[in-house]
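Protein chains in written order, with the working numbering: chain A, 1 to 291; chain B, 1 to 530.
Don't read these hints as lab results, they were simulated from the structure.
Built from N, CA and C at the ideal position, the CB exists for glycine as well.
There may be inaccurate statements among the hints.
Every beta carbon over 10 Å from chain B, so not counted as near; a handful from chain A, in silico [unchecked claim]:
{"#": "1", "residue": "ALA20"}
{"#": "2", "residue": "THR21"}
{"#": "3", "residue": "LEU56"}
{"#": "4", "residue": "ALA101"}
{"#": "5", "residue": "ILE152"}
{"#": "6", "residue": "SER192"}
{"#": "7", "residue": "VAL193"}
{"#": "8", "residue": "LEU216"}
{"#": "9", "residue": "MET246"}
{"#": "10", "residue": "LEU251"}
{"#": "11", "residue": "HIS261"}
{"#": "12", "residue": "GLU268"}
Computed Cβ-Cβ distance ranges for the label pairs, DEER-style [said to hold, decoys possible]:
{"#": "13", "chain 1": "A", "residue 1": "GLN138", "chain 2": "B", "residue 2": "TYR225", "range": "23 to 33 Å"}
{"#": "14", "chain 1": "B", "residue 1": "THR526", "chain 2": "A", "residue 2": "ASP77", "range": "51 to 61 Å"}
{"#": "15", "chain 1": "B", "residue 1": "THR188", "chain 2": "A", "residue 2": "VAL40", "range": "52 to 62 Å"}
Listed below are several chain A residues computed to face chain B (Cβ distance under 8 Å; list not exhaustive) [what the hints assert, rightly or not]:
{"#": "16", "residue": "PRO17"}
{"#": "17", "residue": "ALA23"}
{"#": "18", "residue": "LEU113"}
{"#": "19", "residue": "PHE259"}
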Amino acid sequence: MSNTNADYYVPHSSHWPITATVAIFTMFVGGASFLNGGEVGVYILAIGLALFVYMLFGWFGTVIGESEAGTFNGQVDISFRMGMGWFIFSEVMFFAAFFGALYYARMYSVPWLGGEGSGAATNQFLWPEFATAWPLLQLPEAYAFSTFKETIGAWGVPFYNTMILLTSGATCTWAHWGLKIGSRKHLIAGLSVTVALGIIFVIMQAVEYGHAYNELGLTLNSGIYGATFFLLTGFHGFHVTMGTIMLATILGRCIKGHFTHERHFGFEACAWYWHFVDVVWIGLFIFVYWI
Amino acid sequence: MSEAAAHDHHDAQSTGLMRWLTTTNHKDIGTLYLLFSLTMFFIGGSMAMVIRLELFQPGLQFVDPQFYNSMTTMHALIMIFGAVMPAWTGFANWMIPIMIGAPDMALPRLNNWSFWILPFAFLMLLSTLFMPGGAPAGGWTMYPPLVLQTGDAFPYLIFAIHFLGASSIAGAINVIATVFNMRAPGMTLMKLPLFVWTWIITAFLLIASIPVLAGAVTMLLTDKYFGTAFFSAAGGGDPVMFQHIFWFFGHPEVYILILPAFGIVSAIIPTFARKPLFGYSSMVYATGAIAFLSFIVWAHHMFTVGMPLAGELFFMYTTVLIAVPTGVKIFNWVATMWRGSMTFETPMLFALAFVVLFTIGGFSGLMLGVTPVDFQYHDTYFVVAHFHYVLVTGAVFALMAGTYFWLPKWTGHMYNETLGKWHFWLSTISVNVLFFPQHFLGLSGMPRRIPDYAVQFSDFNMVSSIGGFIYGASQILFVVVVVKCIRGGKKATDQVWEGAQGLEWTLPSPPPLHSFTEAPDPSSITGGNR
């Protein structure tokens with residue numbers, strides 16, 4: 001039988017994984033001591049973050065170097081594809097937990113608090129004047145939370161952001177075409193527009209958050225609406241930021257002349273990730289902002 | 001691809017501590033996982049000893065209630081995330097590449113990362129024992145609002161769970177990429193050993209359920225520190241919502257702990273019955289069916305919490321349905337032994353005990369799955385007896401069986417069969433003395449997670465504690481057997497067991513550093529029978 005296994009690249013021993021672990025451990029310890037009221041926690045967190053960024057440069061730098069040296073055969077490429085694909089699936093399930101919380105609140109817990117279904121006694125004895133509504137402006141115990149009069153409407157900035165992300169998905173695919181037909185100018189133009197759109201999206205989200213906090217009084221502390229709203233859109237915004245950084249890295253690599261028209265997994269992995277954050281946003285736009 | 005690149009990475013090998021910190025070799029990483037798991041098994045076990053010591057007599061003797069609750073919470077977290085799950089990943093690392101004829105795991109550096117997260121995550125978790133407010137004491141299920149009263153330990157608990165989750169997801173991705181991409185030519189999916197099959201399905205469960213746990217504990221974190229109201233009815237949320245999200249993870253997690261055990265037992269019974277496994281393909285489909293069902297049964301953990309009747313009924317029917325594919329498996333193992341030429345070496349003894357005792361745990365699970373019956377048993381010692389039958393005489397016994405089965409392959413030496421048999425009989429008798437009386441305690445109404453009890457429960461508690469101490473002490477014998485086997489003993493042959501089948505037995509004992517640098521001859525891949 002052919003000697004295929006020897007061609008599968010099994011890397012040298014590497015210190016990057018343990019560096020990553022130490023970095024994340026440092027961040028966690030710093031974050032935890034900060035939450036417990038320790039001022040020094042912020043500095044520990046910063047050290048961990050710096051180490052983490054150093055690790056990202058080192059680990060990805062190593063892999064990019066190996067890739068450019070032609071170390072990876074087609075089978076290694078498939079392992080990477082499977083790895084990225086299932087990682088994105090795990091991210092989908094992470095968002096599913098928060099979407100699940102939103103649906104549960106809207107379909108069960110808030111109506112039950114208002115006395116529907118099996119919640120009659122809860123309503124009668126605990127909060128008889130509470131009425132079911134969504135968005136939940138009147139909380140059962142309003143004094144414990146920051147109240148808001150209005151939510152962010154779907155057809156303002158969220159709608160423009162939807163258009164921005166959808167356009168960026170298209171420009172990303174357009175850049176991919178450029179890579180496939182071997183036109184580097186076309187590729188770099190497409191990717192640059194995609195990265196720019198990602199940055200615009202994040203800035204617009206940040207402005208909306210400022211509006212929500214300062215003018216509408218809608219905060220993390222605004223009961224179940226604020227909790228689901230900010231955790232869902234916040235984690236999405238964080239993922240868009242990550243995706244933008246990833247695409248910017250890929251843009252840098254394209255400018256340096258990396259990738260060929262047939263072998264460019266790094267590009268595709270980031271493009272998949274970008275489409276994933278795009279799809280999550282569609283879910284957010286429909287279920288958080290619109291209906 | 002150059003020949004040079006293929007060969008030079010075979011030569012470089014760090015030595016000493018750096019070798020283990022930086023290794024990308026699946027056998028090294030598998031060994032690390034297994035040793036780590038053994039350590040955690042003893043740390044978690046010593047906490048169980050504290051629990052049994054306190055329950056030896058009614059009244060408060062040794063520890064205060066807060067610390068007692070920390071012990072039950074930490075015991076569970078350590079045994080689940082520190083002992084059993086890493087042990088399975090250790091077995092996966094050692095065996096899957098060898099079983100499918102691959103040179104290594106598909107993503108070796110990620111593999112290293114998956115392992116080295118564990119000691120750091122448990123450093124965070126165990127350090128909470130020394131923090132103001134003590135270690136987490138709200139139960140491993142972390143139900144709010146109780147868990148939100150945890151002291152300084154709280155963020156460490158949450159971050160340790162995040163960290164462990166990252167490790168599990170990375171490990172699961174690696175297994176999937178390895179099995180789907182690295183199989184030797186001729187190793188078709190329906191020729192895979194069942195241990196590989198059960199592990200792929202476990203990996204899917206991990207990827208789908210662990211992120212949901214991460215989401216749930218993130219909501220706990222924001223509820224405690226950032227003013228959100230996910231689990232506070234005062235803000236329109238619902239503490240019961242946490243239970244739903246948690247058990248959406250928690251029930252698949254149960255099968256994450258047990259499915260690889262099914263795979264190991266399916267390897268051992270045919271070997272010592274000297275017959276092919278009965279119903280190979282039905283085993284694969286049954287495993288898949290169990291995995292699917294595991295996602296739609298979660299609320300049977302919360303029948304008494306106050307759910308609409310339709311929910312109670314739906315989750316009761318789906319839960320009881322799991323008995324069907326599980327029954328298929330039990331039937332297949334028994335049918336494999338039917339008219340076989342059986343011998344009873346230690347791995348076989350543990351596998352047989354698994355079949356009998358796991359079935360007892362399965363049956364008590366069926367009782368708990370029936371809603372009106374669960375209303376009586378909920379949060380009693382009957383539940384404790386149930387899940388210890390499936391997790392100790394189930395998962396842990398399968399781990400023991402698998403260790404004895406492959407230890408000669410790993411070390412190159414035969415273990416001491418006499419000591420192994422002593423370990424088996426001591427463990428099996430004492431574990432039943434330990435857990436069987438807990439059924440009676442639960443049926444007569446003794447609640448879980450309370451350090452004191454009414455005097456009518458005294459006798460059975462004392463019996464249970466004596467069983468517990470003997471079971472705990474017997475495990476020291478296991479360490480003795482393993483250490484003796486690593487250090488020497490009769491040289492193991494490649495085949496090791498007369499009736500053993502599969503690629504791992506075609507390699508020398510111990511196997512060379514790099515497993516199959518050349519893919520095995522496809523005609524040597526028989527498969528489909530274990």
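Quick check: does the Cβ-Cβ distance between B/THR526 and A/ASP77 fall within 51 to 61 Å?
Cβ of B/THR526 to Cβ of A/ASP77: about 31 Å, so the range 51 to 61 Å is violated.
Checking a non-interface call: every C-beta of chain B should be farther than 10 Å from the C-beta of A/LEU56. Is that right?
Consistent with the label, A/LEU56 stays out of reach of chain B, its closest Cβ about 13 Å off (over 10 Å).
Does A/LEU113 pass the interface check with chain B, least Cβ-Cβ distance below 8 Å?
Given a least distance of 6 Å, the restraint on A/LEU113 holds.
Would you assess whether A/ALA20, listed as outside the interface, keeps its beta-carbon beyond 10 Å of every beta-carbon in chain B?
6 Å, violated
Non-interface claim for A/MET246 versus chain B (Cβ beyond 10 Å)
17 Å, holds
A/SER192 and chain B, when compared Cβ to Cβ, separated by more than 10 Å:
Answer for A/SER192: holds, closest chain B Cβ roughly 31 Å.
Distance rule for A/THR21, whose beta carbon must clear each one in chain B by more than 10 Å
Given that some Cβ of chain B is not farther than 10 Å from that of A/THR21, nearest at about 5 Å, it is violated.
Against chain B, with CB atoms and a cut of 8 Å, does the hint on A/ALA23 hold up?
Since the shortest Cβ distance to chain B is 10 Å, the answer is violated.
Find the nearest Cβ of chain B to the Cβ of A/LEU251 and say whether that gap is larger than 10 Å.
25 Å, holds
Whether the CB-CB distance between B/THR188 and A/VAL40 falls inside 52 to 62 Å
For B/THR188 and A/VAL40 the Cβ distance comes to about 57 Å; the hint holds.
A/LEU216 non-interfacial with respect to chain B [C-beta, more than 10 Å]
16 Å, holds
Claimed clearance of chain B by A/VAL193, with the beta carbon kept past 10 Å
31 Å, holds
Checked against the numbered hints given earlier, the structure breaks hints 1, 2, 4, 14, 17 and 19 and satisfies all the rest.
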